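Student: Read off the chains here:
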Amino acid sequence: MHIVVCIKQVPDSAQIRIHPVTNTIMRQGVPAIINPFDLFSLEEALRLKDKVGARVTVLTMGPPMAETSLRKALSLGADDAVLLTDRKFAGSDTLATSYALTSAIQKLAEEEPVDIVFCGKQTVDGDTAQVGPGIATRLGFEQLTYITKIEDLNTASKEIVVQRRSEGGVQVLKTRLPCMITMLEGTNTIRFGKMDDLFRAARYELKTWSRDFTGAEEGRVGLKGSPTVVSKVFVPKPRAEKAKMIVADADTPDAMAAAAIDAIFAAQPKLAGDLLARAAAGL
Amino acid sequence: MVEKFDAIVIGAGPSGNAATYTLAKQGLKVLQLERGEYPGAKNVQGGIMYSHELEKIIPDFRDDCPTERHIIEQRVWLLGDDSYVGTNYRSEAFNSDKPNRYTIIRANIDKWWGEQIRKVGGLQICETTVTELIRDPSGKVIGVRTDREGGEIHADVVIMADGVNALLAKRAGLQAEAAPENVALAVKEILFIDPELIQQRFGIKEDEGVVIEIMGKVTKGMVGTAFLYTNKESLTIGIGCLISDFKNGDCPPYRMLEDLKNHPVIKPLIEGAEMKEYAAHMIPEGGYKAVPQLYGDGWMVVGDAAHFNNAAHREGSNLAMASGRMAAETVIELKAAGKGFTASNLAAYKKKLDDSFIMKDLKKYRELPGIMHGNKQFFGAYPDEITAAAHNWFTVDSIDKKSKEKQIMKSFIKRRSVMGLVGDAIKLVRAVR
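Those protein sequence lines, which keep their order, are chains A and B.
For reference, each letter of the first sequence is one residue, going 3 to 285 in the working numbering.
For reference, each letter of the second sequence is one residue, going 6 to 438 in the working numbering.
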């Protein structure tokens, strides 16, 4: 069983500050952490390792400083770590990122076939939730998103049963490996690493892979391979209208509805005329 | 399998970093354990870094060490209620290639230390708390136990650099609880401000810095001092007093800091700044008499954990780095000579300390903490009288200068009596002899 966990190093959003003069986000001095959503997936991968035995490889794409996040993952119990880093990856959007990560996962699969890819539900700095499903699509893996529990994993029949949070209930899904899983936040608690794993993480020789090494095509990664264009970043204007208390004559549904309707017509003077005109036109 | 090292250093502050780096550089197998999430996560310093001791350990530290500003001007202010009397010293000579003092933000420096330690082959492990020392049946320290599963680690010698609380030494019965009058509690804020404003307000260029050390009415008669330092794009402002005084006084530290920030001579300097960080830390200020047992079978203690702090001169991190280096050198020398790390052999560490500025300076000021503690007039009456005298002297009002001198003298005598003044003078001389 080979499990790959994709993680991302992100600025700790709890500690981001706004520059008082320029009003831009100050990244300087903000600690870098593993994307919190990724930790739920990492922990679930480690639990599967404890339960059925597996090799857990953690994979990230990012600048060289992302090494600290990989070592952290190793100290928690991951077996191997791969840093996908190359200037040519810089500026990748979710399409290019999922492509680049897929190329690395395929490279890993050459060593040992990959059964499960875990991803975070989304990142705290991009919030798109697109990279995991993108990888699954490219690899042709089953997609299990928003998973709250892995009920069963049969290594012989290569079947997995999971619980998935959906609107209005819980879905119990059964599928065949290989699959891509994103865990829902709060479904587990990341462990406290063992002393041995800390030593191993500190001494581990990190695998650093470039675009050439994974064989990702040049035109499909980085800015060139990213159709997403960020044309403008802005803070939406706060809505000028504040909440208003509508006082009704009596504490009955009729009186409250009447008061609400009066208030709406008072606030929208054109509304009554428009409605009458529409009624006259037979609409 | 239990891991075994030549030495384990506990803590990644200035003393622990100096010890670990020195040991690793000499090729010893050294492990540094830090309980914080990253080196510096738990560390708080004003802070001024003195380069001389760092240079001894990493001569070319200036190449990449993330210092803030080098200091070209030192101010010492005595605050009255709405005034200050002070001295300034500023010199272009401080703009040398190798400045002697820098303002720093501790956490940045300790992260940098971590990189230096890794470069020379030291092993630094964070987020791991040492819970106790492991001893053999004879009582010799042979390793540590951490809070992690499989947390037993062995070493020939353990260097405790775990800071002012010295929790390990206390837990192991090697140190007594520090007396409240020997420890200060300092609080500080880092105030974010446009660097242009810093440069304008303090009359300095981009990399230049100013330090203001402050005493006076703002500590409300408690034994303490305050400070204001210029960083690259922030100001550090803080105040600290003895814990025993805070305990008996009616002004909590945060209010004292607010009063300092609102003091009429301080306020214009920090106007428009935005608080970025708030921190509090204890400082060992008991001096020579508070220094505990420094070594034993298989262990040494360095830095704040050994109470190495010169409160009178606002020196601490340099004593920490020097003591860390000396402990490491002791280990290196004993190992080279094939000697064991017994208490009698580790006494060489104490000898190094005694022969250095650390113990010489602490000894020189050994009476200072006691005298300051017992003579609160130095923190109340004198700031009052001195600022009033200055006000009188510099007010031009057609009163002849001889009469002014008399008025000033009379005011001092009224406050302290002739004998009191003479006594205070003698005490001050004794304190710094």
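No lab work stands behind these hints, which were simulated from the structure alone.
Since the structure is predicted, the reported quantities are computational estimates derived from the model, not experimental observations.
Here a beta-carbon is modelled for each residue, glycine too, at the ideal position from N, C-alpha and C.
Errors might be hidden in some of the hints.
What the hints assert, rightly or not - The calculated BS3-like cross-link candidates involving lysine-lysine, where the alpha carbons are at most 25 Å apart (straight line), are:
#1 B:Lys34 to A:Lys196
#2 A:Lys109 to A:Lys90
#3 B:Lys103 to B:Lys237
#4 A:Lys209 to B:Lys124
#5 A:Lys209 to A:Lys51
#6 B:Lys281 to B:Lys266
#7 B:Lys237 to A:Lys196
#8 B:Lys210 to B:Lys281
#9 B:Lys47 to B:Lys124
#10 A:Lys196 to B:Lys47
#11 B:Lys30 to B:Lys175
#12 B:Lys281 to B:Lys61
#13 B:Lys381 to B:Lys368
#14 B:Lys368 to B:Lys175
#15 B:Lys357 to B:Lys61
#16 B:Lys175 to B:Lys61
#17 B:Lys116 to A:Lys209
#18 A:Lys196 to B:Lys9
Claimed, not checked - Sample of chain B residues lacking proximity to chain A, with all beta carbon distances greater than 12 Å (derived):
#19 Ala112
#20 Thr133
#21 Ser143
#22 Glu154
#23 His318
What the hints assert, rightly or not - Just a few of them, taken from the derived set where beta-carbon distance is under 8 Å, the chain A residues facing chain B:
#24 Ala16
#25 Phe194
#26 Gly195
#27 Met197
#28 Phe201
#29 Arg202
#30 Glu207
#31 Leu208
#32 Arg241
Student: Per the stated criterion, does the least C-beta distance between serine 143 of chain B and chain A lie above 12 Å, as a non-interface residue requires?
Tutor: Given that every Cβ of chain A is farther than 12 Å from that of serine 143 of chain B, nearest at about 26 Å, it holds.
Student: Is the shortest C-beta separation between methionine 197 of chain A and chain B less than 8 Å?
Tutor: holds, 4 Å
Student: Please check whether phenylalanine 194 of chain A passes as an interface residue: C-beta within 8 Å of a C-beta belonging to chain B.
Tutor: Since chain B brings a Cβ to about 7 Å from phenylalanine 194 of chain A, closer than 8 Å, the hint holds.
Student: Run the distance test for lysine 237 of chain B versus lysine 196 of chain A: straight-line Cα separation, threshold 25 Å.
Tutor: Violated: lysine 237 of chain B and lysine 196 of chain A sit about 40 Å apart, past 25 Å.
Student: Taking C-beta pairs only, is alanine 112 of chain B more than 12 Å away from all of chain A?
Tutor: Not fine: 9 Å to the nearest Cβ puts alanine 112 of chain B too close to chain A.
Student: Given the hint that lysine 30 of chain B pairs with lysine 175 of chain B, does the C-alpha gap stay at or below 25 Å?
Tutor: This hinted pair is violated, its Cα atoms lying about 30 Å apart.
Student: Assess, step by step, whether the Cα of lysine 210 of chain B is no farther than 25 Å from the Cα of lysine 281 of chain B, and give holds or violated.
Tutor: Between lysine 210 of chain B and lysine 281 of chain B the Cα gap is close to 23 Å, so the pair holds against 25 Å.
Student: So glutamate 154 of chain B supposedly isn't at the interface. Is its beta-carbon more than 12 Å from every beta-carbon in chain A?
Tutor: Violated, since 4 Å does not exceed 12 Å.
Student: Is the shortest C-beta separation between arginine 241 of chain A and chain B less than 8 Å?
Tutor: violated, 27 Å
Student: For the pair supplied as a hint, lysine 196 of chain A and lysine 9 of chain B, is the alpha-carbon distance within the 25 Å limit?
Tutor: Holds: lysine 196 of chain A and lysine 9 of chain B sit about 17 Å apart, inside 25 Å.
Student: Taking the closest Cβ pair, is leucine 208 of chain A under 8 Å from chain B?
Tutor: Status violated, d = 13 Å.
Student: Quickly compare the C-alpha distance for lysine 209 of chain A and lysine 51 of chain A to 25 Å and report which way the hint goes.
Tutor: holds, 21 Å
In terms of the numbered hints stated before, the structure departs from hints 7, 11, 12, 16, 19, 20, 22, 24, 29, 30, 31 and 32, listed from lowest to highest.
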